[in-house]
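K.L.:
Residues per chain are reported as follows:
Number of protein chains: 2
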Amino acid sequence: MSDEQVAAPTNRRRISQRGIATRERILEAANRLMFVRGVNATTLDDVREASQTSKSQLYHHFADKQELVRALVKYRGALVLQRERGGLERLRSFSGLVRWRNALVQANSLNNGKYGCGLGSMAVELSDQDEQARSMLLETFAAWEKLISDGLHRMRDSGALRQDADPEKLATGLMAALQGGYLLANAAHNVAPMEVALDMALEHIKSFLSQPSGEPTR
Amino acid sequence: MSDEQVAAPTNRRRISQRGIATRERILEAANRLMFVRGVNATTLDDVREASQTSKSQLYHHFADKQELVRALVKYRGALVLQRERGGLERLRSFSGLVRWRNALVQANSLNNGKYGCGLGSMAVELSDQDEQARSMLLETFAAWEKLISDGLHRMRDSGALRQDADPEKLATGLMAALQGGYLLANAAHNVAPMEVALDMALEHIKSFLSQPSGEPTR
DNA sequence: CATAACGAGGACTAAATAGTCCAGGAAAAG
DNA sequence: CTTTTCCTGGACTATTTAGTCCTCGTTATG
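From first to last, the protein sequence lines are chains A and B. Every letter in the first sequence is one number past the one before it in my numbering, and letter 152, counting from 1, is 153. Every letter in the second sequence is one number past the one before it in my numbering, and letter 36, counting from 1, is 37.
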C-alpha cells in the first residue's frame, strides 16, 4: 500500500490520459462485478464487457488476473479508507460513533444485507490463495481500525472515555462485530444481524464512558 | 437440512457398504481441501486424488460440482452442530461460556488463525452464487445461534442472567463476534483478533449477569 | 461356482476461461 | 503534413476443468 493514488498506472511506460481512463474503467468494472459475484466467479470477459474494453487492454494494463485482483484490493482499500476517513476522522463523541454506525447500516440495507463488506469478502476469498493480497488486506484493516482507535483515543484524552478503556482492543472488537455482522447479513439477505452486532459493540464501548447515559444505544 | 445423517446416500439405488464409504471419503476429502483452499479454488480432480477415487465415482455419487458443494454444506453443517451441541447443550453458567470460548480459540490457534470458520467462509463464497447453499447455511447459523440462545435462556430462567437480557440478540451478537473474529484472524494469520472479539461479546453478556463478578462492567 | 448386479478406474470429450498476437488507427513530435 | 510511437480492438490459441463413457473387477446370491 505504498501508493495513495486510487488507480496508479503501471510503471515506466509513457501513459496517456486515455490510457489512464481505460485502466480506471477496468478497475471500476472489476470492482462492481466482483463485489456482487465474488472474485473467483467473475471472469475477465465479464470485466472486459462491463468496462467496454478489449482483452488486449486488460492484458496491457494488468499482467494477468492475479495482478488485476491485487490492483483491485488496493483500489477498494483506498476507497474504503477514504470513505471511512470522512466518517471517523473527526470522531470525538459517542454520538459520532452512533452516526457512523447508522451510515454503515443504511448503506448495507440498500442491498438488503447482500454482498457484505468489499474488504471482508475479499479477505475470505483471497487469504488462503494469494499471500500478497492477504497482506495488503491486513494492512488495510489495520489502517481502518486505526481510524477507529484514534477516535477512541481522542475520546479518552478528552475525558469522554475512562482511562481504563483500551482503544485498540475496542476498535478490534468493533471491527470484528462489523465484519461478522456483514457476513451474517449477507447470509440472511437482511441487515438485521449487522445492526445487532454493531449495537453490541457500541454498548460495550458505552460501558467505558465516563458518564454512562441512561438510554440504550437506540 | 432435512437429513440428520452426515453422509446420506443418494436415493433409490441399492447401495453397498463400500459405496457409502466411498461417498464419505469423497466428502471428507472435499471438506479438507475446500477448508484450506476455498470452494472455488478446489478442483474436482484435487478431490478425486485426495479421496483416492475416480472421476466416475465422483459423478456416480454427485451429479455435478454444485451438488457436491451442497452436500458439503450439509456435511459441514452437521459436523459443526454436532461439535457445538457438545459444548453448548449443557450450558448453564457464564463460566461454561468461557470454556466454550476457550475451546474455539484453542482449536483456531492450532492453525495460527488460518482458514477461518468452515461455515462462515462458505457463506461468503457461496451466498452470492448459490441460493440453495445460502439458505442451508442460513439455517445452520440459525440452529447454531439457537444452541447459544437456549443456553442463555436457561441462564435467565435460573436467575443467573437478568430478566432484561435478550438471549436471541445476545446470541446473534456473539455469533457475529465469532465470525468477524475468524475473518480477522484469518487475514492476520493470528488468533488474537478472534480472542479480542469473543471477549468483547462475553463482556457484553457479563453485563447482564445478575451478580456481576469482580470487575465492574461499567 | 456361475452369473448377474453393482462398484472402480481411467481414457476421452466438451466447455469455459485465461492468455497471445497482430493489424489498424489515434495522438504526439518534428 | 509526415513520421513515429503508442493505444485499441478483436480474432486466435492454450490451458484448465467440468463432465461422459466404456471396460474391467468385485461381491452377493441361488
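Among the clues, some could well be false.
No copy labels: a pair is met if it fits in one copy or bridges any two.
In silico lysine to any residue, SDA-like type, Cα no more than 25 Å apart, as pairs [unchecked claim]:
no., residue 1, residue 2
1, LYS170, ARG100
2, LYS170, GLN67
3, LYS56, ARG84
4, LYS56, SER159
5, LYS66, LYS170
6, LYS170, GLU204
7, LYS207, GLY20
Treat the hints as calculated values from the structure; they're not laboratory data. Computed from a predicted model, the values in this text were never measured in an experiment.
K.L.:
Please flag the earlier hints that this structure goes against, numbers listed from lowest up.
P.N.:
Numbers 2, 3, 4, 5, 7 - these are the hints that the structure violates, sorted from lowest upward.
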